[in-house]
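Position chains U, L and Y against the provided structure of chain B, taking the given hints into account.
Residues per chain, in single letters:
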Amino acid sequence: MSQQAVAHAENYRAGQALGVDHRKVGMWLFIASEVMFFGGLIATYLHYKYTLGFPEASRLDIVAVGVNTTILLTSSLAVVMGLSSIRAGKAGRMSVFLLLTILLGLTFLTGQVLEFSHLYGEGVTLTGSVFGSSFFTLTGFHGLHVLAGVVWALIVLVLGLRRAFSAERNMGVEVFGLYWHFVDIVWIMLFTLIYLIP
Amino acid sequence: MRERTLFLSAIVAIVLVALGFVVASQANLMPPAASTRAVEVDQLFRVLLGVSTVIFFLVEGALVFAVLRFRKRAGDDKDGPPIHGNASLEILWTLIPTAIVVVIGVYSFQVLMSIENPGRSPRIVEIIGRQFAWNFRYPDQDLATSELHLPVGQPVVFQITSEDVIHSFWVPAFRGKRDATPGQVSEMAITPREIGVFPVRCAELCGAGHSIMTSQVVVESQDAFDSWLAQQQALANDPGQLFLTAGCGGCHTLAVTGNTGVVGPPLDGLAARAGERGPGEDAAHYIEKSILEPDGFIVPGFQPGLMPKDFGQRLTPQQIQALVAFLLAQP
Amino acid sequence: MQAPSAHPARRWPLYLGVFLILILLTVIEIMVAGSGLTPPTLGIILLALSFSKAGLVAAFYMHLRDDHRLYTAIFVLPVLLLMVFAVLSVLI
Amino acid sequence: MTTYPATGTWRRYFSWNTDHKVIGVQYIVTSFVFFILAGMLAMLMRAQLRAPGSELLNAETYNQVMTNHGSLMIFLWILPVVAGFGNYLIPLMIGARDMAFPRLNALSYWLIPPAGLIMLASFFVGGAEAGWTAYVPLSIGGPPGQTLWAVSIMILGISAIMGAINFVTTVLTMRAPGMTFGRLPLFVWGMMATSLLVLSATPVLTAGLVLIALDRVVGTQFFTVASGGDPILWQNLFWFYSHPAVYIMILPAMGIVSEIFPVFARKPIFGYRMIALSSMAIAVLGLTVWAHHMFASGMDPRLRVPYMVSSMVIAVPTGIKIFSWLATIWYGKLRLSTPMLFALGFISMFLIGGLTGIFLAAIPVDLHVTDTYFVVAHLHFVLFGGSVSAVYAGLYYWFPKITGRMYDERTGRVHFVANFVGTNLAYLPMFAAGLMGMPRRVADYDPSFTSYNQMATLGGLILALSTLPFLYNVILSWARGPKAAANPWSALTLEWQTSSPPPTENFAEIPVVTTDPYAYGEESTMTGEPAAAPAAG
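Chains as they are written, first to last, in our numbering: chain B, 1 to 198; chain U, 1 to 331; chain L, 1 to 92; chain Y, 1 to 537.
Excised from the complex, chain B in its bound form (with noise of 0.2 Å):
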């Protein structure tokens, strides 16, 4: 066996070839092909607000979303603090940074709600205009994917309690921390381009 192989023999055990671990690879594709859903659904709402113009958009009210948006840049902090304090071995303050993450993402989805019931007052509705059928769908993806988290925040808290990660074993952690940052990177990106850009 080449000193290669050798290598290559030992990562096999734990199943890992270039030395990377097979649940982050997973997770980082997932993350790839889900770039492309909301790149289908960003270009539908470009293409429109190119065309359209989306005259409705000034009924949108950029401080309130700020807010949101601050909120859920706060649970991304507490999801990373989660994860470093269990890497610290502290079980019991990570379980304390995923609740408060679970509250911050139940905030953020109550302030959709609000904003949402605020737009169809105004009369902006998913059925009414291209500009509310792009608006609701694209934002409401968005906010299926926080509540998505929300639930599995939930399993990873309970299996958190049943010790279920420790410094060494975290994975779970870990994972479940990328799709909630990448489900955050996603409302960034729509933050600007449908409040922000005129």
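By construction, these hints were calculated from the structure, which means they are not laboratory data. Hints are supplied without guarantee of correctness; some may be wrong.
Said to hold, decoys possible - Which bits of chain B does chain Y cover? Going by a derived footprint, with three or more residues having C-beta under 8 Å, they are: (1) 24 to 33; (2) 37 to 45; (3) 126 to 140.
Ideal Cβ placement from N, Cα and C applies to all residues, glycine included.
Coordinates of chains U, L and Y only, in the frame set by chain B:
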């Protein structure tokens, strides 16, 4: 040995090129070239056909030769020579196709620029697709027709759109095709070069009637075209003719045109009745309204929803006025 | 090449710093949007700001900065593809 | 965590099983069932088109049959059968015990049968009639079946994405010691390229289908022209997936024949690196050509030229592959068994599809032939003469490995001849019909096209019959064919270095790879369990 290989490959190359040339020049795979654009497209097509023929016979020939020449002989269980590759060969068959593709690309681009150039002062013809028929408009004459006539040698620009789903306006003899997309107008420039009658087809699946959504284009001399145009205009403005061509006679009874339809109310002596139908509305307005929105008032004893509601698009305002006057004049 | 979990405890100041920058950038974004800049410049500035925010999250919170290059490639390539696709879809 | 019912019982093929070999067979058999169904729909169409004015099917029914034929063939036959080969072969070829995510793998298979049933169910609620391209606004106004069609393809897309994640992760993280990227079998390279395309293109189609479904069910305005909706946008989303889909369907096929030529020519593959690179090049270029399907649409004319260029450039890596295969069999010791015959047939017919592709890339010619039978002929030479030939080649080649039994060679050759004759007879006349002016997707046609269509119908009939000897062959051989050796073709890739069929977890001990997989005509020095087969047989 080396000379022999070179000699043989030279022979093969010459034979292949000759073959390609013969196929390209002799093959007759296209309908008549009835537009100037068709001539250029066919030229490009023949070039592509020649190149493809050479490549086709090169590869298939090599394939057949290899199968015959290199098949395992009985009792020979040894492996072939361990050849893993040949850099110069691989570079060669990367560069040559690249060169061919570049040439074809440039040539195609030139042809594209040339065929899409409308030429000086083209005549505009509007083409409207609807499930499942083609309608035509000559905006200069403000004339809507169900037939497409074109003067030979005169550049024309089709302005193509659709009223419902996507259709595709295709005259194989012109080599041109353009989608008729609802909500937008796309243009196609053509200069007919042959007198004759050529089929028009819908090339984009548009529903159950897709295969019967055909028409024809009549390419004729300038004189013939002008007289056709004049005749069409006369028809468009002769209300009696209009009454027939628009299809009114199919459902309504009218003595002067000899129609006896009973689906819709009879129209003889309409002037007398039309006055009292709508409150505070004179006969002329009532008749015009009934043509544009038939279900506005339903004559007792007749059903709503039977009369087409698109006469507003089918007929020009002048034609409708002519019809109204014509009906008012009937005793 | 794995994410260094050597001194995880000491990483929280970094995470907090990144967070503060993210909030700051968000505030700047809103102010820029409010300022009377004209669309082309405005759009470019706003996109630059949001991309830097996304970059910060990816580099520090998703650990791309000190993780295996493979992950960066898997993430960045589709983003580039998406940008090309979005531009062409707008123009189509 | 992963469950393995006793191997050898046929029941495991009908159960939730996480063994990649079981899942591979499930994929292949299921998709072949849909292949037969879609083929029957094709025969209905050919029967309708046997003569002008035929009244076998009314226009609505014809459009439903045509739509489902295309959708089934693409989404439920070629894509899943290719995934089936990937599932069965990738772990074996890279020396792994299973895929990276066995349960995800089982899930991605079990999404397929329900999705297929949903698509077929559309027939009974007023079927999808808008063609597999489902152009709006036609597909918005159509009958309810169109919604089922969209849902079915969404599910299949999700299944394909999960499969692709699994393939890429497996290849990146589970290669056996010594299985460097330079030693990866070319089929694995093909699956890598395909999976990357699936990951980057399929989600866009899913997004587009969501828009169509919302328009139809909820009443959103995405494609309502009156309120500003743009039909071209759907074409843009659709083709961004559906052109790469052609490469998703052909790259693994190219990988299959790249495995077969060295074995049956007893020679190393010629230009391994160039073939692997060209797969990746095709994948990358394949993402940049989609709008060449829209040259005749209302898209911005200035955008067409770059698409024409990229479409033509793809001819180069494709040519590299074809020349490399020719060079591989050159000076070889060709054994013309059925897999080799189908592989040779693949080249000869795919070549026609490839060359006519250049005609379609050249915009001036495309504006004449697009949406005509020329396109129908072109895509069937690529997907039937190409992909399906390669799939048949692969089925015969790996049949002894999968079943542990040998198929009957004579019947296999009968199948090949019938398939080859049928394909060319069915599709060559369509080129002429299209050039002369016959649009595609018509339930009736001008009598001037009769002779072409009669030939095509006859060819189609031969094709349909040609599947009978195949079914007869595989069913009987699987049941009571002669036992096959572990390595009947004395091939060098890893899947042949274990028993036929391979045991659960494939290898008693993970092999260590020390040589490239096509080292024919040399001292093969593969260690590991069991020892490599002699290079020459």
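Status of the hints after comparison with the structure:
1. Check result for the region 24 to 33 of chain B against chain Y: holds, 6 residues qualifying (beta carbon to beta carbon below 8 Å, three or more required).
2. Remark: the region 37 to 45 of chain B is confirmed as covered by chain Y, as 7 of its residues place a Cβ nearer than 8 Å to a Cβ of that chain, reaching the required three.
3. Closer than 8 Å: that is the beta-carbon criterion, and the region 126 to 140 of chain B has 9 residues meeting it against chain Y, so the requirement of 3 holds.
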